[in-house]
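Engineer: Sequence:
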Amino acid sequence: MNPIVWGVAMLVVLPLLQLPLILYLSRRVEADEESLPPVGWGDGVYPPDPNVARSADHESSRASTAERSPPSRPPESTAPDPSAPSAVVCRRCDAANDPSFTYCHDCVARL
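So for the sequence shown, the numbering used here puts the first residue at 2; every next one is plus one.
No wet-lab data here; the hints were simulated from the structure.
Since we're looking at a predicted model, the values are computed, not measured.
The beta carbon of each residue, even a glycine, is placed where N, CA and C say it ideally should be.
Any given hint could be a false lead.
Said to hold, decoys possible - Simulated restraints on C-beta separations:
hint	residue 1	residue 2	range
1	92	30	35 to 45 Å
2	12	52	42 to 52 Å
3	2	100	22 to 32 Å
4	14	96	34 to 44 Å
5	3	108	44 to 54 Å
6	89	53	44 to 54 Å
7	87	18	45 to 55 Å
8	2	88	29 to 39 Å
9	21	97	14 to 24 Å
10	108	9	34 to 44 Å
11	52	88	12 to 22 Å
12	17	103	14 to 24 Å
13	6	53	31 to 41 Å
14	102	4	48 to 58 Å
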């Protein structure tokens, strides 16, 4: 067999033959500790972030800065809370992670 034919077979045909296996396995993979996204869930549609606080007073967000009243208390300091943990330990690989991380930086498991 000609070397060019072998090259085409190795670079084109063999990867194309693996596509049905990849499609079959991708439907059977279980999500790690979270449910699969709903059907039709795509770009531009994201669930609300639970870490972001929503303001209860929607009218104050629409008002201009001149119409707003000053805050009732001063803004909180940006110093880290001493009672907050300095690191979060992964349950799967026991790696120390930053508390702001959602996934482990070593094994990519959900924290």
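Engineer: Against the structure shown, which of the earlier numbered hints fail to hold, in ascending order?
Structural biologist: The structure conflicts with hints 1, 3, 6, 8, 9, 12, 13, although it agrees with all the remaining ones.
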